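**Student:** The chain contents come next:
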Amino acid sequence: MKRREFVRHSAVAAAGLGLVGNSDLKHGVLSTSTFGAGIAQDREAMAMAALNAAQMAGADYADIRISTNRTQRMSTREAIVTGVRDSETSGFGIRVLVDGTWGFAASRDVSTDEVARVAQVAVAQARANRAAQRRPVELAPLDWTGRGEWRSPVEIEPFDIPIEDKVALLLEANQAAMSVSGIAFASSNMSFLREEKFFASTEGVITDQTIYKAAGGVNTTAVSADRSDFQSRSSTDVMPKGVGYEHILASDLVGNAPRWAEDAVQKLSATPVQPGRYDLVLRPSHLWLTIHEAIAHPTELDRIMGFEANYAGTSFISNPEDFLGSFRYGPDIMNIQGERSTPGALSTVGWDDEGVKPEEYLIVKDGILNDLQTTREQAPWLSDWYASQGKPMRSHGNSYGQSWAVTQFQRMPNVNLMPHPERDVSEEELIDGVENGILIDGSGSFSIDQQRYNAQFGGQTYYEIKNGEITGMLKDVAYQIRTPEFWNAMDLIGGESTYLMAGAFGDAKGQPAQSNSISHGCPTTRHRDITIINTGRRA
Amino acid sequence: MANFISREEAQRITERALSFSEADEARVNLSSSDTGNTRFAQNQMSTSGDATNATLSISSALGTKVASATTNIFTDDALRRVVETSEALARLVPENEEYMGELSQQTYPDSSPYFESTGELAPERRAQAITAVTEQAAARDLISTGFLIHQAASTAVATSNGLFAYGTNTRVNFTTTVRTPDGTGSGWAGTSAHDFDDLDTRALGAVAVEKAMRSRQPRAVEPGRWTVVMEPTTVGNMVNLMMNQTSARNADEGRSFFSKAGGGTKLGEQFVDSRVNIHSDPMDSRILSTPFDGQGLPNKPMSWIEDGKLQNLNYSRYWADRQGVQPTGFPSGWYMAGGNSSVDEMIRSTERGLLLTRFWYIRGVDPRTILYTGLTRDGTFLIENGEISHPVKNFRWNESPIFMLNNIEMMGEPVRISSGESSGLTNSVVVPPLKVRDFTFTSLSDAI
Numbered sequence: 001m002k003r004r005e006f007v008r009h010s011a012v013a014a015a016g017l018g019l020v021g022n023s024d025l026k027h028g029v030l031s032t033s034t035f036g037a038g039i040a041q042d043r044e045a046m047a048m049a050a051l052n053a054a055q056m057a058g059a060d061y062a063d064i065r066i067s068t069n070r071t072q073r074m075s076t077r078e079a080i081v082t083g084v085r086d087s088e089t090s091g092f093g094i095r096v097l098v099d100g101t102w103g104f105a106a107s108r109d110v111s112t113d114e115v116a117r118v119a120q121v122a123v124a125q126a127r128a129n130r131a132a133q134r135r136p137v138e139l140a141p142l143d144w145t146g147r148g149e150w151r152s153p154v155e156i157e158p159f160d161i162p163i164e165d166k167v168a169l170l171l172e173a174n175q176a177a178m179s180v181s182g183i184a185f186a187s188s189n190m191s192f193l194r195e196e197k198f199f200a201s202t203e204g205v206i207t208d209q210t211i212y213k214a215a216g217g218v219n220t221t222a223v224s225a226d227r228s229d230f231q232s233r234s235s236t237d238v239m240p241k242g243v244g245y246e247h248i249l250a251s252d253l254v255g256n257a258p259r260w261a262e263d264a265v266q267k268l269s270a271t272p273v274q275p276g277r278y279d280l281v282l283r284p285s286h287l288w289l290t291i292h293e294a295i296a297h298p299t300e301l302d303r304i305m306g307f308e309a310n311y312a313g314t315s316f317i318s319n320p321e322d323f324l325g326s327f328r329y330g331p332d333i334m335n336i337q338g339e340r341s342t343p344g345a346l347s348t349v350g351w352d353d354e355g356v357k358p359e360e361y362l363i364v365k366d367g368i369l370n371d372l373q374t375t376r377e378q379a380p381w382l383s384d385w386y387a388s389q390g391k392p393m394r395s396h397g398n399s400y401g402q403s404w405a406v407t408q409f410q411r412m413p414n415v416n417l418m419p420h421p422e423r424d425v426s427e428e429e430l431i432d433g434v435e436n437g438i439l440i441d442g443s444g445s446f447s448i449d450q451q452r453y454n455a456q457f458g459g460q461t462y463y464e465i466k467n468g469e470i471t472g473m474l475k476d477v478a479y480q481i482r483t484p485e486f487w488n489a490m491d492l493i494g495g496e497s498t499y500l501m502a503g504a505f506g507d508a509k510g511q512p513a514q515s516n517s518i519s520h521g522c523p524t525t526r527h528r529d530i531t532i533i534n535t536g537r538r539a
Numbered sequence: 001m002a003n004f005i006s007r008e009e010a011q012r013i014t015e016r017a018l019s020f021s022e023a024d025e026a027r028v029n030l031s032s033s034d035t036g037n038t039r040f041a042q043n044q045m046s047t048s049g050d051a052t053n054a055t056l057s058i059s060s061a062l063g064t065k066v067a068s069a070t071t072n073i074f075t076d077d078a079l080r081r082v083v084e085t086s087e088a089l090a091r092l093v094p095e096n097e098e099y100m101g102e103l104s105q106q107t108y109p110d111s112s113p114y115f116e117s118t119g120e121l122a123p124e125r126r127a128q129a130i131t132a133v134t135e136q137a138a139a140r141d142l143i144s145t146g147f148l149i150h151q152a153a154s155t156a157v158a159t160s161n162g163l164f165a166y167g168t169n170t171r172v173n174f175t176t177t178v179r180t181p182d183g184t185g186s187g188w189a190g191t192s193a194h195d196f197d198d199l200d201t202r203a204l205g206a207v208a209v210e211k212a213m214r215s216r217q218p219r220a221v222e223p224g225r226w227t228v229v230m231e232p233t234t235v236g237n238m239v240n241l242m243m244n245q246t247s248a249r250n251a252d253e254g255r256s257f258f259s260k261a262g263g264g265t266k267l268g269e270q271f272v273d274s275r276v277n278i279h280s281d282p283m284d285s286r287i288l289s290t291p292f293d294g295q296g297l298p299n300k301p302m303s304w305i306e307d308g309k310l311q312n313l314n315y316s317r318y319w320a321d322r323q324g325v326q327p328t329g330f331p332s333g334w335y336m337a338g339g340n341s342s343v344d345e346m347i348r349s350t351e352r353g354l355l356l357t358r359f360w361y362i363r364g365v366d367p368r369t370i371l372y373t374g375l376t377r378d379g380t381f382l383i384e385n386g387e388i389s390h391p392v393k394n395f396r397w398n399e400s401p402i403f404m405l406n407n408i409e410m411m412g413e414p415v416r417i418s419s420g421e422s423s424g425l426t427n428s429v430v431v432p433p434l435k436v437r438d439f440t441f442t443s444l445s446d447a448i
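Residue numbers (the working numbering), protein chains in the order written: chain P, 1 to 539; chain U, 1 to 448.
There's no promise every hint is true.
With a cut-off of at most 20 Å between alpha-carbon atoms, the simulated DMTMM-like pairs for lysine to aspartate or glutamate come out as follows [what the hints assert, rightly or not]:
{"id": "1", "chain 1": "U", "residue 1": "K393", "chain 2": "P", "residue 2": "D226"}
{"id": "2", "chain 1": "U", "residue 1": "K260", "chain 2": "P", "residue 2": "E485"}
{"id": "3", "chain 1": "U", "residue 1": "K266", "chain 2": "P", "residue 2": "D226"}
Per label pair, the in silico range of CB-to-CB distance [stated by the list, open to error]:
{"id": "4", "chain 1": "U", "residue 1": "G263", "chain 2": "P", "residue 2": "S111", "range": "55 to 65 Å"}
{"id": "5", "chain 1": "U", "residue 1": "E8", "chain 2": "P", "residue 2": "G204", "range": "41 to 51 Å"}
{"id": "6", "chain 1": "P", "residue 1": "S179", "chain 2": "U", "residue 2": "V325", "range": "51 to 61 Å"}
{"id": "7", "chain 1": "P", "residue 1": "E321", "chain 2": "U", "residue 2": "Q217", "range": "21 to 31 Å"}
{"id": "8", "chain 1": "P", "residue 1": "A508", "chain 2": "U", "residue 2": "D438", "range": "29 to 39 Å"}
{"id": "9", "chain 1": "P", "residue 1": "A508", "chain 2": "U", "residue 2": "E120", "range": "40 to 50 Å"}
{"id": "10", "chain 1": "P", "residue 1": "R328", "chain 2": "U", "residue 2": "D438", "range": "38 to 48 Å"}
{"id": "11", "chain 1": "U", "residue 1": "A203", "chain 2": "P", "residue 2": "M393", "range": "37 to 47 Å"}
{"id": "12", "chain 1": "U", "residue 1": "E97", "chain 2": "P", "residue 2": "E172", "range": "14 to 24 Å"}
{"id": "13", "chain 1": "U", "residue 1": "Q217", "chain 2": "P", "residue 2": "S111", "range": "53 to 63 Å"}
Simulated from the structure, these hints should not be mistaken for lab results.
As the structure is a computational prediction, the values presented were derived from the model and not from experiment.
No residue lacks a Cβ here, since even glycine has one placed at the ideal position from N, Cα and C.
Given these sequences and hints, build the entire structure.
**Tutor:** As structure tokens, this is what we get:
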């Protein structure tokens with residue numbers, strides 16, 4: 001299957017996930033029209049007033065994001081509701097370029113006077129910052145200008161589902177977990193976001209997008225009878241998505257809770273791992289986070305160029321011209337794709353936060369580093385590479401700002417490890433080839449250095465593999481890797497039947513730190529001869 | 001003039017919101033801020049931002065059925081909507097037997113962590129503070145990056161039982177990482193303050209420049225258990241992990257390091273070196289903080305660890321009531337006492353050890369021992385025979401603040417640090433540098 005075809009195929013699968021007719025659900029107990037109504041003012045008129053004010057004050061370029069975010073969160077523990085909260089926040093942020101220096105200012109007060117004042121603040125700030133300018137910002141050209149609308153593919157509007165149904169589902173999940181012998185605690189939560197984001201720029205782009213996100217999860221804890229040990233199991237195989245309430249129904253928290261609870265109880269008596277070297281079989285519920293840390297972050301061009309050195313760090317991919325087209329990230333069967341189009345994935349949008357329609361591109365092609373994540377400011381830094389490849393110099397559409405209150409910058413698209421390019425390799429085949437190994441399910445502890453070489457990952461559950469068979473549960477497992485060796489030790493990749501679009505809320509980057517939601521599609525993989533440590537220590 | 005909500009305005013808005021309430025009890029939390037930040041990279045300003053925001057949250061209780069709603073629009077219509085939304089939600093949720101009701105008026109410690117120098121900071125002064133670093137770096141052919149953020153803010157709590165609390169504060173945080181153009185050296189410095197005048201970015205820049213120069217061409221030494229001289233930022237990162245695990249409820253429930261095998265908690269037990277003393281106090285000028293928490297409960301002076309003994313755990317109102325004790329509040333800042341040794345003396349007394357500047361990507365590994373993993377970065381040096389002999393490659397560590405605080409050899413004078421990894425606006429944390437034995441490094445990192 002060609003890559004593009006695969007994306008289309010998985011998109012259809014995702015859209016078909018857990019379809020439930022709206023008629024099955026009670027409606028309208030809490031009408032959305034009473035809350036989160038957003039900005040009453042004409043956003044386009046407000047945007048034009050802001051862009052005019054910025055240009056009058058001397059901006060060479062300006063853009064504005066006006067947004068209203070509606071969120072709903074609820075949390076429970078055992079039979080108690082610990083929190084139910086509905087939130088809305090509205091405001092706007094204006095970004096300007098003055099002689100190649102950025103300025104940005106924002107306010108919650110969406111009014112004609114305030115947009116003009118804030119535009120002037122942004123321009124004054126850019127002028128103050130210009131004092132130290134050494135290299136002016138240049139923006140890559142746009143291929144498209146005009147008007148557009150986009151909406152997440154939502155089957156069931158999450159804010160229409162009565163709160164008591166949501167809370168009842170969570171309490172039922174807790175009860176299902178607590179019914180497992182040995183479980184002492186169970187907590188669960190749900191959260192929903194609807195972001196109405198209006199964007200306009202002085203280059204003639206106007207977009208209006210409505211973006212949804214949904215997540216639900218359960219955490220179970222077992223305490224040993226003598227209170228000398230406790231173990232938890234989180235529902236990390238159920239991950240957030242960019243869709244509506246249908247995702248919660250498809251997650252089947254109640255049906256899955258006993259399984260997660262049994263895992264927690266079983267962890268109390270699991271065998272502590274012997275440190276050493278093992279072959280690893282990594283399920284997508286675990287692997288996505290390793291891809292995120294060891295591939296998606298080091299291929300962000302702003303990091304590579306040193307712009308994030310003070311916090312998120314730089315990258316081992318430096319200088320980019322020494323790596324692009326020649327650095328072997330992994331075996332020939334390894335292809336890493338960047339895209340923002342898979343329905344239901346968390347980075348999927350119609351346009352990015354500077355009005356660029358995102359492209360699909362290959363970051364790693366047949367094992368070799370092929371491209372990097374860019375915004376309009378960054379694409380020109382790779383102009384020589386694109387010229388050598390006969391490609392136009394354009395942004396990949398990877399700009400994002402967490403809210404109206406902070407400036408947009410480069411954030412990762414959906415960064416996916418493609419399934420085996422030739423055949424549908426099964427998990428059984430991956431395990432079958434292992435003499436002494438460990439299968440890891442779910443994401444756990446994670447940490448990686450500031451250039452993305454040395455990483456340590458744990459999971460939720462670990463299973464010993466001996467001579468091609470799973471023989472029992474292990475605990476206190478973590479693997480330590482050096483990024484290039486780890487991916488080059490990947491000798492087999494699962495096929496499309498093992499592929500899952502996984503992800504999470506809360507990826508931090510930038511200063512002030514901005515949170516982003518991330519999705520990474522991947523199959524199950526196998527890695528040879530990896531260092532395992534035992535993390536259990538007694539006080 | 002910093003643009004945040006005044007006491008009078010806060011009183012008016014919270015009273016207005018409560019006037020729409022039909023709940024049995026209600027609480028309004030109102031926060032507002034005026035925040036500015038500037039980032040720099042490649043020795044020039046990269047992005048920056050100024051933002052004013054305010055948020056009103058109302059928690060409504062119908063009997064013990066409780067729910068909340070939040071908005072940042074304060075027209076009468078919006079306030080009425082947010083109140084109605086919280087009440088509509090509360091009607092639909094089950095009873096919460098842990099709901100403790102809203103507080104009536106409390107008495108608060110007299111603490112005002114607000115400084116004009118920060119509240120009135122102009123973009124030009126912010127830019128000057130940064131060029132004081134970029135110019136030093138450029139003059140030495142080094143590459144500086146960094147971040148300056150400042151905020152003036154107000155918080156208010158009002159309840160239907162007559163409580164009204166209001167406080168203002170200012171905070172600033174500055175950090176810089178200076179790298180060598182060949183990519184083999186990197187140095188860091190940073191701190192936080194309430195008062196911008198306390199911040200000397202030129203001096204911090206000089207430290208980062210010096211560390212970048214000295215850290216070039218690091219050599220590998222073996223991981224394992226090392227004696228380490230920990231600069232205060234690394235100490236604060238570790239001790240923060242322990243302070244965040246002091247929930248009395250988790251300890252009583254048997255799922256915390258502070259749980260005792262067989263039942264109960266470690267309260268009153270010595271569990272770290274007898275020189276360890278940690279307290280919080282919103283009035284202590286070294287660790288100023290807002291004198292009330294989100295429920296309007298006073299943040300009173302508290303001793304957490306005294307002579308190595310666990311003096312207090314963090315009791316919420318519900319858990320305190322159930323256990324028959326007073327709720328403690330939770331500090332938004334803390335102070336760890338130190339000793340008389342300077343970092344230079346710690347180095348001079350060390351035959352073979354490591355000097356650590358900064359930690360990175362600290363994540364939990366095992367909550368039973370508060371075991372975390374992370375890495376060193378931006379200035380890791382080998383100490384041999386009482387002197388820094390050369391820079392070394394960075395390490396991954398797997399370590400717990402509990403083990404660390406049991407292995408103390410020397411303590412220095414406490415200083416204020418930038419306590420969060422992302423160098424944002426954080427609580428006031430004041431800690432000493434430490435010399436510690438047997439710090440566990442598990443592998444090498446090639447990252448510079």
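**Student:** For every hint, state whether the structure bears it out.
**Tutor:** Hint check results:
Of the pairs offered as hints, the one joining K393 (chain U) and D226 (chain P) is violated, with about 43 Å between alpha carbons and a cut-off of 20 Å exceeded. At most 20 Å may separate the alpha-carbon atoms for a hinted pair to count; K260 (chain U) and E485 (chain P) exceed this at roughly 43 Å. Pair hint K266 (chain U) plus D226 (chain P) holds up; C-alpha atoms about 16 Å apart against a cutoff of 20 Å. Separated by about 60 Å at the C-beta atoms, G263 (chain U) and S111 (chain P) satisfy the suggested range of 55 to 65 Å.
Between E8 (chain U) and G204 (chain P) the CB atoms are about 45 Å apart, so this pair conforms to the stated range of 41 to 51 Å. In this structure the supplied range 51 to 61 Å is violated for S179 (chain P) paired with V325 (chain U), their Cβ-Cβ distance being about 33 Å. The hinted window of 21 to 31 Å between E321 (chain P) and Q217 (chain U) holds, with their beta carbons roughly 23 Å apart. Checking the proposed 29 to 39 Å range against A508 (chain P) and D438 (chain U) shows it holds: the Cβ atoms sit about 32 Å from each other.
Our hint of 40 to 50 Å for A508 (chain P) and E120 (chain U) is violated, since their Cβ atoms are close to 30 Å apart. Take R328 (chain P) and D438 (chain U): their Cβ atoms lie about 40 Å apart, and the range 38 to 48 Å holds. Range check, A203 (chain U) to M393 (chain P): about 42 Å between beta-carbon atoms, so the 37 to 47 Å window is met. The supplied range of 14 to 24 Å is met by E97 (chain U) and E172 (chain P), whose beta-carbon atoms lie about 18 Å from each other.
The given range of 53 to 63 Å is respected by Q217 (chain U) and S111 (chain P), whose C-beta atoms sit roughly 57 Å from each other.
Of the numbered hints stated above, those contradicted by the structure are hints 1, 2, 6, 9, listed in ascending order.
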